[in-house]
Every structure is written in C-alpha cells, then in structure tokens.
Amino acid sequence: MKHCLSRRAFLRSVGAAACGAAAMAGCAGKEPGPGGWRMKARPHPDADAWKARIGLARGAADPAAAVRTAIEKLCDPEGVRTFVREGDLVTIKPNIGWSHVPEMGATVHPDIVAEVVRLCLEAGAREVKVFDNSVGTDSKCYEFSGIETAARRAGARVSLCARHRFRTVSFDDPRVKRLKQWPIYEDALSADVFINIAVAKVHNLSYVTLCMKNLMGTQGGDRGKMHQEIHQNLADLNVVVHPTFNILDATRVMITNGPGGGRAEYVVRADTVVCGTSAVTVDAWGADPANLPWPKGHHDLAAVEHIALGAAAGLGVADPGQIEVSA
Amino acid sequence: MARPTQPRHPLHVLRVIAQLAFFGLFAGLVILTARGTFVAAHPYLAQLFFISDPLILVGALLAGGFTASLLAALVVVALSLVAPRAYCGWICPLGTIQDIVDKILFRRRNRSKNMAPRLRQIKYGLLVLVLVPAIFGLGVFGWFDPVCIATRSFGVAVYPMADHAARTALIAAEERGVPGAAGAYDWARRHHLLTQEADLKEGSQWAGYRWAWAFFALLAAIVLVQAYQKRFWCRNLCPLGALLGLLGSVSPFRPRVSEKCTKCDRCRERCKMGAFEPAPGGEKYRVVVQECILCYACERAFCPASAIHVGLGRPGSVRPVPHVLPSRRAFLGTALTGAVLGPAFLLDQRSRAKEESNPMLRPPGALRPDPEFLATCIRCGECMRVCPTNALHPSGIEDGIAGLWTPTFVYNIGYCDYFCAVRKEDQERGGAAERAANLCATVCPTGAIRILTQAEKEEWKIGTAVLDKSRCLPWARGESCLTCEEQCPVPEKAISHRTVEVANNEWLKMPQDRRHRYEELEARRDREGLTVVEEAELDAMPPKMQPLTLPYVLRERCTGCGVCENVCPVDGPSGIRVGRLQTQEIRQD
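Order-wise, the sequence lines are chains A and B. This note's numbering puts the first sequence at residues -15 to 311. This note's numbering puts the second sequence at residues 34 to 622.
Keep in mind that the hints were calculated from the coordinates and are not lab data. Every residue, glycine too, gets a C-beta built ideally from N, C-alpha and C. Check before you lean on any hint, since a few could be wrong.
Unchecked claim - These stretches of chain B come out as covered by chain A in the derived footprint (C-beta under 8 angstroms, 3 or more residues):
id, stretch
1, 218 to 227
2, 569 to 575
Unchecked claim - Derived CB-CB ranges, DEER-like:
id, chain 1, residue 1, chain 2, residue 2, range
3, A, R247, B, I137, 55 to 63 angstroms
4, A, R247, B, L138, 57 to 65 angstroms
5, A, R247, B, A372, 52 to 60 angstroms
Claimed, not checked - EDC-like mimics (lysine to aspartate or glutamate), calculated; alpha carbons at most 16 angstroms apart, straight line:
id, chain 1, residue 1, chain 2, residue 2
6, B, K457, A, E127
7, A, K164, A, E213
8, A, K209, B, E512
9, B, K457, A, E87
10, B, K577, B, E561
11, A, K209, B, E302
12, B, K502, B, E489
Chain A on its own, in the form it takes in the complex (with noise of 0.2 angstroms):
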C-alpha cells in the first residue's frame, strides 16, 4: 500500500485544487453591465449637428492621403482628436471579408486601415484594435488583404475573432423591428472609440454594400439569418451597434459580381474617401449614382431601402440634397 495515495494526501489534494478553483472563481470576471452587454463606444460629442456632414477627399491617389485628407476635411482643425481622446480604447472594424489581394476590390485598402490606426494612435489611442469576422476563411482574409501586417505594422492588436468573445445584444430599441437579439463581437462593444472602414462594392441582395452593411463583421451567429428582409435588419443592427465613426473606401469600387468578386476587372478606380459620423449619411451620399461610378440601371438610391430606413430611426440623412460636404 506504501505507493497509494494517502487519504490525508489525498484530501490535501482535494483541498488545494478547491482553492485554486475558489481563487479562479474569485477573480473579476467579465460581466455585462447592467442591462447585459451594450455598446460601449462614445457618440460624437455633437452627435445631432453632425449627422448631416461627410468629409470628402477625391482624386488622390494615394489612399492614405486621401483617408487623411477626408477626416482634416470633415474635422477641421482637430482631425481625430475630434473624437479619439487621450487613453481611449479603439476599436477599427475594416471589411476584411474575402481572401483576396486589395487589387480585386473586395476588401479595405490596407494602407487606409493603417493611416487611422496611426493617426488614432498619435491622438493618444492607449491601444487600437482591429478585427472582422471575415466571410471567407478568416486567417487568408487576414492575410491576403494586406491589413493584418499593414495595421501591425503601424500599432495596432489584429486578432481573428474567437467564438466566446461574440457577446448576446438584446435589441432593445424601441426603433428596432425585427431583430431580437444577436452576439456581437466584444472588441466593438468595449472600445471607448469605434471605428467602421467599409468598401464600395455592389452586393447580390442589399444592391450596394457601404458602411451599414459594413457592421454585419460585428455580428456572430448564423449571419445567413440577416438575409431575409435585408434593409430592415441592417437598419436595426444600425441602431444598435452604432460606430463612432465611419470611413468609405472608395478608392477602388466593384462594379460587379460582388460582394466576393476575385477578378481585378470587376473593379474600377475612383480615388475618393469619404467620411462622416454617421454611416446612414455616408452611405446615402455614396450611394447615390451621381456620386460613384455604379453601373448603369445598376439602383438608384431609393432602392437602396436600408438606407431610408437607416434615416427614419434617426441615424442619418438619406437625402443627398440635405448632406452638407466638406471637401
């Protein structure tokens, strides 16, 4: 019996392992707030007087001018101290959706995703953050698009979404109509600042995808499930997951076949930036066919109902005739 565990060693086992568990369970551990998880992410100060007004940078060709450009348009003389404050936590949420090389379109350039990574980071970001729940195979996204190493490489944490980190939002907005519920990933709900990078393409179902569809790379779960009934649920997920400001890449724009594209000639240059605080407005100024070289007959703007309906909970202007331009 001399090799057995003795019952007081065995007990004495017992005992510790009891504690470490305690000592785990006593840390502080991550809880929703009250009323469960809620988007963190400050508005713009004067969030209402802004609503209407875009920054826009065109004919640069260099993306990261013209990223930069916008936002000294729009936030004259501050530029993202407008928003980001010392100490603050950034969060960047980029379309890094498809596994292809930025020529094809598809995805963020990855030198815009840098240039407010770094600008965010000299406003005195204490850490930025980005990430997507890509639509592709995530790592390849990541890679292929150029913004995992591009944002690295300027300061920022890139990390691919894991699966317990998509927290339950309850949507319970009274402007809310369909949605109920939805996990929503924590690194956009915990940011102090959110940042949303769309890109310009035409989409199957929702006809252009921009900053509003955009926010769907905040959503976990079966996504698939937003489909139906597209433009009432992308202006619900809207409501309540609102950035703190949204950035269209139209440097390049798919004109076909998208949102997955994979061919470069489905893309044609347009070399414009726009920005604003609200995604509805940006959305609603780059979609309109004036505006962006959309294909013939492809829409026009009042089929594009989830703006509209953005604008009717309050988020934006939908009408380009009120969106005052900085340019």
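Go by the hints and put chain B onto chain A.
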C-alpha cells in the same frame, strides 16, 4: 520490483531516448499538419511515418497506390533485415505509446502467467487477411496498419480532445479576467497550436471529427489490453510487426542465449514481447527472433546469469521455430478468407453500380472512379487533419464497408476552400501557381488524392450544388435570401438569380375577407378609380405582389465546394446541397 541486476545497457538507454524522440517527432507532425504552410513546404516530412512504412509499400504495390516516395520504406526493410523488428522497439509511435501507458498504469502488474504463445500467430493471419483484398482493389490494410492507427487516433481523436480541453481552460481563465489568458489563447491559435477557430464556420468551434470516438476507443483498447500482456497489439495482432518479423528471420543480429543459462525463467516472464521460451532439448532458453524488438532490456536487466547476449552471429534459419508461424493449412485458410472477403466487401459498394448516385463527396483530386480511390486510399486520416476548414471527415459505411473511414466532405461543418493552398503572392502575380493547390493531396502518402494546381482545382468538380426547392427560403417560403450566391467563391458565380413577381407574404397573412376587399378595390381602381378614402384603405394594406429573387445553380460553373451548403441559413438540412451529380462533366465556359 523490476530492479535491474546490472546498470542498463547503453543501447537500452539509447532505445528509450530514440523512442521518445520519434514519438515527439510524430506528435509534432500531428500538430504541424494543421498548418498549411508547413505541409506545403515539407510534404515528405509531413508524410514521414507513412512513406517509411513497409506494410503501406507492399499494400500499395498490390492495390495500385504506389508512389515513388513510398520507396523510403526500403530503409526500414533494410533495417529489418539486419535488426529484426527494431522498428517496433525503437521507432513505431504506436509501440511507444503502449510502453508509456504500461509504465504508468501497469508497472507493478504481474503478467507472467499470461503467455498464450499461440495468440502470436494471429498477426500473420491478419497480415494475409489485409493484403489479399488489396489484390482485389481494397486498401483496407490501413485499418490495421500501426502508423495509420496512430495517426487516426492522435490526429483525429486525441489531438482534438486535448485541443478542446486546453481551449476550455484558457477561455475559462480569460472569462475570469486572468491576465495574459486572452493573449495566450490568441498566440496559440495564431501558431496553430490550438485550432484556428476563426477559420471554422458555424458548424464547429474546434476541429472535431466524425468517428473520433471509434479511433479513441481503438487506441484505448490497444494500450489497455496490456493489462493482460505487455505490447499485446505488437505481439499478437500487428500486421506490420508480422511483416518485419518475417524479414528479420534471416538476420544474423539477434539476442542469443549461451550455455550459462540457468533456466530461471526470468527472461520469459519479463520480456515485453514474450520472445523467450524454453528450447525443446530442455538445456536452455532460446529467442524467437520474429518476436524480438531489440529493446535491449534482456541482456543486463533480466538475466542474472549474464547468459543473454545481443549481437552478430550465424544468420538465423529461415524456418522459424514451431508455433510461431501459423500452419500451412491455417495460412491457406486465411488467404482464402481474404480472397472471399475482398470481393465481398466490394460487392457491398454501391459506387460500382452508378458513379453519380455515390453519396461520397471526395476531396478534390481524389482518384476516379471511386473504386480506384478505395483501392489506393489507406484511410490514414492525414487529409482530414490538414483540411483547413475541418470539412473532411471519415465516412461511415454509407458507401459499403469498403468505404469505412475514407475521407468525405461534411459541408454543414466546413467547405472545400477555394484558396486552400493559394498564397498571397500567387494572387498578387495575378495567376495560379504551378504548386499544389489542394493540401489534402500534399499529405496523401499513396497518391489517392492527386495533386492539382490552382487552375486544375478550379476546374475540378467535387460534385454539383442542387437547390432543394422545398427548403430554399425564396422557393419554399417566398422570403428573400441569396446568401448562397453572395458567398459562392467562383468569381463569376455559379449561383445566380432571377427576379419574379410573387404574392407578398404579408398580403397572404391577411384574413380572407381583407384579401377579397383588396382585390375588389384594386379591380375597381383599374376600372373606374377610387375615392380618396378607398385609396387610403388600399394603401394601408400590404401590396399583393412583390418582387422575389429566386436562386438557381449554373451547374457548369459549380465546383461542388460546398460553401453554399455551409452558409445556407435554413435550419436543419440546407436548402442547397452538394450531390455527386455530373462529376464527369467538363466545364464549358
């Protein structure tokens, strides 16, 4: 109790080190095989244990899955001719895991009464039984090959279990705010030490496989049956051990018992292979060379009289001692059984009747027609391990017993990645590279999955997506969807849609009298116009008709990759599923 009478033989120590090193290499390869870049860069290293396995070489020669890399097994053949079954004692990962478990669980167990020497004949029977069907085109020797067993068990069952356990612990720590836990989890995922779960879609959160329970049970049985005999599998069942033992029969290098033997019986009791037995004359013990795995424990650890010496000497007789090999009658009987079972298994296989009705969706590049694949595939599970989306799984007997554990796609878990082995620079150059585009083929040791370039892979039809109009949301319920078209990875899209006018669901939900009222108002509006009040009443009701986009499959573009089936939001079986239709068709555009 097992105190050595003398210090251990240096080669005994070296053997233990070699075992641990080879097992470490094996385990490392199991983990690294999940990393596409490693596999693509070092295909032969990834296949190392398979291409050095003589049973796979012989089986492949018989069944038709021969590839030049399998000639690496000749090294082990040569080794076995001079050092009988040293492979089993020093290299084989399945042998090492048995030794490890034995040391942990059974080291004090007295098994000296459980000799049962006749059981040892079974392995020769099994060798014949698995190789004879190979002649008939069945690569089922992989069911019993120790390297295949170890790879399946560790890659498809043990690793996913350990992965899940580690993952659960790290997540629990992270959720409790333990500093560094989240970072450690991300780091491990990024380096593929844990499953890169982001690459797995809704079907699974960590790599898990069908039949994993069976592979784990088989491994557990093999290590636990040692409660009866040490290395029970190696002694009695292993067909590779049988083959190597036969090769080693002629070896001049072996343990020999000298005249100093006192017949104390310790060697017989302690040898983990039961390789010692009293010689017929009764004056001393002798070694059954077909059983010895050259572990070097006997020379110093067992024999108090120092009567055992491992070394060179007169080459052994090709005729082994009695009771080692089965009798000629038993041998012929087994061969005959194999000759009956081989064709019998194939009779059971539906694919021989009609290729298109075969339910198995094989990896891209898999040999066609399916019987050729069944002959060549050794059911090792490497392709399942490397598949980046966890889409390949061992099949059951849907396609007959002959198809058991061959790879098949399970599209509600993963899909065949359009860019499986594509690198960023390939896309940047704007063209497909000449290198292997299907990782499953890169690790396949027998060429059952042919290597395809990206251009070939884009042309390869695994199957064809078929819409199930009774489940597809637009077709069955009049709801818009098109998730399948959105995510179809073929650039020009193998799924398209047409827009039709259909009755609006909201309108249909109105009570019948309201619907009649609507139709009445509408008809009157067209005939004579409505009053303002009636106009408002009509406007308040949902419109009767709505445009609806109905998806359809352009089958000549479809590769059968399964993305559509994977992402379809229909609960239960998807509204679009890949079947093995028109696999022989050539793409036209």
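Check the hint pairing B:K502 with B:E489 against an upper bound of 16 angstroms on the C-alpha distance. Distance ~31 angstroms between B:K502 and B:E489 Cα, so the pair is violated.
Hint consistency between A:K209 and B:E302 [alpha-carbon to alpha-carbon, up to 16 angstroms]: violated (66 angstroms)
Given coverage of the stretch 218 to 227 of chain B by chain A, tested with a Cβ cutoff of 8 angstroms and a minimum of 3 residues: holds (count 4)
Sort out whether A:E213 lies within 16 angstroms of A:K164, counting only the CA atoms. Since the Cα atoms of A:K164 and A:E213 sit roughly 14 angstroms apart, the hinted pair holds (cutoff 16 angstroms).
Is the Cα-Cα distance between B:K577 and B:E561 16 angstroms or less? Since the Cα atoms of B:K577 and B:E561 sit roughly 20 angstroms apart, the hinted pair is violated (cutoff 16 angstroms).
Need the status of pair B:K457, A:E127: alpha-carbon distance at most 16 angstroms? holds (7 angstroms)
Taking 52 to 60 angstroms as the stated bounds, is the beta-carbon spacing between A:R247 and B:A372 within them? holds (55 angstroms)
Has the given pair, B:K457 with A:E87, been kept, meaning a C-alpha gap of at most 16 angstroms? holds (12 angstroms)
If you check the beta carbons of A:R247 and B:L138, does the distance land in 57 to 65 angstroms? Distance hint for A:R247, B:L138 holds at roughly 60 angstroms.
Holds or violated: 55 to 63 angstroms for the Cβ distance of A:R247 and B:I137? holds (58 angstroms)
Verdict on chain A covering the stretch 569 to 575 of chain B, criterion of 3 CB contacts below 8 angstroms: That given contact is violated, which follows from only 0 residues of the stretch 569 to 575 of chain B lying within Cβ reach (below 8 angstroms) of chain A.
For the pair supplied as a hint, A:K209 and B:E512, confirm whether the alpha-carbon distance does not exceed 16 angstroms. holds (11 angstroms)
The earlier numbered hints that this structure contradicts are 2, 10, 11, 12.
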